[in-house]
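Chains as they are written, first to last, in the working numbering: chain A, 1 to 282; chain B, 1 to 422.
Any given hint could be a false lead.
[Unchecked claim] With a Cα cut of at most 25 Å, we get these calculated DSS-like pairs of lysine-lysine:
#, chain 1, residue 1, chain 2, residue 2
1, B, Lys372, B, Lys291
2, B, Lys139, A, Lys41
3, B, Lys164, B, Lys203
4, B, Lys145, B, Lys164
5, B, Lys372, B, Lys313
6, A, Lys153, A, Lys74
7, B, Lys157, B, Lys139
8, A, Lys41, B, Lys230
9, B, Lys230, B, Lys202
10, B, Lys313, B, Lys376
11, B, Lys164, A, Lys41
12, B, Lys145, B, Lys245
13, A, Lys41, B, Lys145
14, B, Lys138, B, Lys230
15, A, Lys41, B, Lys203
16, A, Lys45, B, Lys207
17, B, Lys230, B, Lys207
18, B, Lys230, B, Lys203
19, A, Lys153, A, Lys212
20, B, Lys157, B, Lys203
21, B, Lys139, B, Lys164
22, A, Lys45, B, Lys230
23, B, Lys202, A, Lys45
24, B, Lys230, B, Lys245
Calculated directly from the structure, the hints in this document are not laboratory data.
All figures in this text were calculated on a predicted structure; none of them were measured in a lab.
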Amino acid sequence: MKRTRPLETVISPGRGGLLGSIIESWRYRELLYFLAWRDVKVRYKQTVMGAAWAIIQPLATMVIFTLIFSRMMKLSTEGIPYPVFAFAGLLPWTLFQSALGQSSSSLLRQTSLLSKVYFPRLLVPLSSVVSALLDFGLALLVLAGLMVWYGVKPSWGLTTLPLFVLLALASALAVGVWFAALSVKYRDFRYVVPFALRLWLFLSPVAYPSEKLISQIPPNCRWIYDLNPMTGVLDGFRWGLFSASSSPMPGSVLMSALVVAVTLACGLLYFRRVERTMVDLL
Amino acid sequence: MSDVVVSVEGIGKRYRIGGPRAKYFSLRDSVAAAFGSTARRLASVFKGRLPTASHEDFWALKDASFDVRRGEVLGIIGRNGAGKSTLLKILSRVTEPTEGRAVLRGRVGSLLEVGTGFHPELTGRENIYLSGAILGMKKTEIDLKFDAIAAFAGVEKFLDTPCKRYSSGMYVRLGFAVAAHLDPEILIIDEVLAVGDAAFQKKCLGKMSEVSHSGRTVLFVSHNMAAVEKLCSRALLLSHGRISKSGPVPDVVSAYLSDIPSGADHSGGVLANSEDGSLELTHVHILANDKSVTPVVQCGQDLSLELGFRARKTLHDLSVAVGINNLHDVRIAALRSDIAGFPLGLEVGNRRVVCRLPALPLVAGAYTLDIKVIAKGEALLWAPRIAQLAVENGDFYGTGRLPDPSWGGTLHLHQEWEASGE
Numbered sequence: 001m002k003r004t005r006p007l008e009t010v011i012s013p014g015r016g017g018l019l020g021s022i023i024e025s026w027r028y029r030e031l032l033y034f035l036a037w038r039d040v041k042v043r044y045k046q047t048v049m050g051a052a053w054a055i056i057q058p059l060a061t062m063v064i065f066t067l068i069f070s071r072m073m074k075l076s077t078e079g080i081p082y083p084v085f086a087f088a089g090l091l092p093w094t095l096f097q098s099a100l101g102q103s104s105s106s107l108l109r110q111t112s113l114l115s116k117v118y119f120p121r122l123l124v125p126l127s128s129v130v131s132a133l134l135d136f137g138l139a140l141l142v143l144a145g146l147m148v149w150y151g152v153k154p155s156w157g158l159t160t161l162p163l164f165v166l167l168a169l170a171s172a173l174a175v176g177v178w179f180a181a182l183s184v185k186y187r188d189f190r191y192v193v194p195f196a197l198r199l200w201l202f203l204s205p206v207a208y209p210s211e212k213l214i215s216q217i218p219p220n221c222r223w224i225y226d227l228n229p230m231t232g233v234l235d236g237f238r239w240g241l242f243s244a245s246s247s248p249m250p251g252s253v254l255m256s257a258l259v260v261a262v263t264l265a266c267g268l269l270y271f272r273r274v275e276r277t278m279v280d281l282l
Numbered sequence: 001m002s003d004v005v006v007s008v009e010g011i012g013k014r015y016r017i018g019g020p021r022a023k024y025f026s027l028r029d030s031v032a033a034a035f036g037s038t039a040r041r042l043a044s045v046f047k048g049r050l051p052t053a054s055h056e057d058f059w060a061l062k063d064a065s066f067d068v069r070r071g072e073v074l075g076i077i078g079r080n081g082a083g084k085s086t087l088l089k090i091l092s093r094v095t096e097p098t099e100g101r102a103v104l105r106g107r108v109g110s111l112l113e114v115g116t117g118f119h120p121e122l123t124g125r126e127n128i129y130l131s132g133a134i135l136g137m138k139k140t141e142i143d144l145k146f147d148a149i150a151a152f153a154g155v156e157k158f159l160d161t162p163c164k165r166y167s168s169g170m171y172v173r174l175g176f177a178v179a180a181h182l183d184p185e186i187l188i189i190d191e192v193l194a195v196g197d198a199a200f201q202k203k204c205l206g207k208m209s210e211v212s213h214s215g216r217t218v219l220f221v222s223h224n225m226a227a228v229e230k231l232c233s234r235a236l237l238l239s240h241g242r243i244s245k246s247g248p249v250p251d252v253v254s255a256y257l258s259d260i261p262s263g264a265d266h267s268g269g270v271l272a273n274s275e276d277g278s279l280e281l282t283h284v285h286i287l288a289n290d291k292s293v294t295p296v297v298q299c300g301q302d303l304s305l306e307l308g309f310r311a312r313k314t315l316h317d318l319s320v321a322v323g324i325n326n327l328h329d330v331r332i333a334a335l336r337s338d339i340a341g342f343p344l345g346l347e348v349g350n351r352r353v354v355c356r357l358p359a360l361p362l363v364a365g366a367y368t369l370d371i372k373v374i375a376k377g378e379a380l381l382w383a384p385r386i387a388q389l390a391v392e393n394g395d396f397y398g399t400g401r402l403p404d405p406s407w408g409g410t411l412h413l414h415q416e417w418e419a420s421g422e
């Protein structure tokens with residue numbers, strides 16, 4: 001039998017910083033895969049429509065958006081057919097929304113597991129974020145179909161899409177880690193998340209192009225709009241797909257990345273603090 | 001001292017528990033109180049504090065220090081609430097201690113429940129992988145051990161059936177099988193042998209002694225004295241969060257047994273009370289024929305259990321139940337007043353309930369008593385393992401001869417024999 005090198009575990013209060021916990025999470029990366037795989041496996045068990053739900057939801061929302069914003073309000077989207085425009089926004093948004101929603105509630109959903117076995121707790125919200133990718137992948141196929149149908153040609157900007165997907169995931173994780181850790185102490189956050197997401201949808205350029213909202217706010221307040229990381233994600237995602245005339249401000253994307261990085265770093269620190277004794281509160 | 005693989009120094013765990021629960025008598029009161037407390041909570045959140053009710057500190061575990069050497073099987077025993085689970089949770093890193101330090105050298109596998117991480121919707125095959133990964137196995141390792149796990153659990157035919165369709169026995173077997181193949185150098189086990197049928201329990205015990213014989217270290221928490229005596233080389237006794245005795249298994253087990261008094265009386269104190277405060281259990285006395293309190297009874301003797309209660313309001317329609325368990329935590333007898341045809345009620349004040357048991361049929365040994373009071377079909381008061389009953393060998397059959405303890409058994413039965421021709 002192969003002898004593993006002697007492993008020493010030291011248990012004492014307040015031991016292990018953030019870096020240690022990140023390194024340990026990396027050692028457990030196989031478990032991350034298994035947890036995400038379980039989420040995916042279980043998600044559509046005993047449903048008739050199965051994974052079709054991943055497509056139906058953004059598709060139905062797109063139809064409603066088209067009726068309201070394109071037909072009723074005659075919103076112009078710079079030459080891109082509105083359904084394609086809206087769907088291209090709904091994709092990263094749905095990814096963000098389900099990743100954030102799932103990761104925020106992840107700790108409370110895993111109470112029984114967390115109280116019985118140790119593994120880096122960070123894997124729990126992280127696996128929720130990863131498992132949201134599957135639905136996104138499926139919906140991406142539908143987007144490709146829509147683009148062919150409406151004759152929208154993709155551009156070389158396509159190669160930048162993974163970057164914006166990553167940014168969307170990082171945003172969801174950054175906020176999700178906060179909410180997950182906070183909801184251990186304050187169950188109020190179970191109600192905050194769905195509510196916040198609804199408001200967030202309208203404040204992000206999902207149904208409308210960024211310029212429409214920007215033109216309504218004074219230029220010196222523009223940075224407030226850019227604080228929302230989903231602005232950078234959505235503008236960037238559409239720019240990558242269509243290379244629309246208005247390229248995203250590099251500043252706007254950088255701002256998003258910066259906001260995400262700071263929120264994530266603080267979130268991880270807070271999570272680490274709560275992690276130590278969260279089982280006593282669950 | 002590289003031989004010490006687990007070293008625990010002064011581990012303690014403090015819990016904050018809420019102060020005495022306020023009692024609301026009307027909906028209006030409770031609604032008003034709820035609003036008041038919400039406002040107060042919000043205020044304290046904005047002041048940057050966690051809303052804390054008036055709390056008191058409770059040390060579930062304090063100053064626990066011990067070493068375990070490689071290959072040792074350490075039994076951890078103690079009554080409910082003595083801190084056993086807290087100790088295991090700390091050592092398996094589920095929660096952090098408040099103070100102290102522990103070092104574990106080697107790969108740790110902890111098994112605080114059977115079927116950790118199982119998802120009922122997933123199939124047996126999928127759950128083996130999931131649970132294995134959660135317990136700390138690599139995928140390649142699970143691939144290698146997969147067949148052995150399925151065979152140990154005896155579920156080969158049902159690997160592609162969702163676990164929610166498994167019988168509880170199959171579920172438990174599969175859960176233990178995954179854990180048993182974990183191959184850790186230090187194994188932490190909580191009470192898992194309390195589940196499963198007798199044959200499977202035997203298999204689990206076999207697997208555990210196999211693990212310990214292969215030079216690995218086991219920390220085993222149990223109520224099952226027989227299992228502790230059989231498996232462990234050393235034992236710890238926890239009581240009230242402290243290690244009250246440690247050493248060779250027989251010494252510690254007998255300390256555990258003498259820890260439970262025959263009868264139970266805390267000189268005017270309260271042994272247990274009902275949640276609403278309407279009823280307190282004040283003493284449990286074992287009375288001999290002459291109504292004197294006796295520390296030990298003989299089998300075959302008439303005796304009475306006297307339960308002292310303090311009632312804060314008049315209670316009608318009561319049923320008092322007493323469970324008698326042997327030291328392997330097997331319920332030997334269950335007494336219940338209403339079913340036996342004795343309706344009971346208690347007036348306000350100090351009251352006694354006496355249960356007469358003619359010709360005690362229990363074999364010699366120590367027994368624990370569970371006491372439960374049921375009012376209108378609902379449990380009003382529940383006091384598990386609240387008292388002990390010590391029984392010594394006696395002339396049950398009235399023949400002047402004592403039963404032979406080596407012949408075993410748990411009960412004596414009156415018997416009539418005859419031999420005849422065809």
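Q. Looking back at the hints listed earlier, which ones does the structure fail to meet?
A. The structure breaks hints 8, 12, 14, 15, 16, 22 and 23; every other hint is satisfied.
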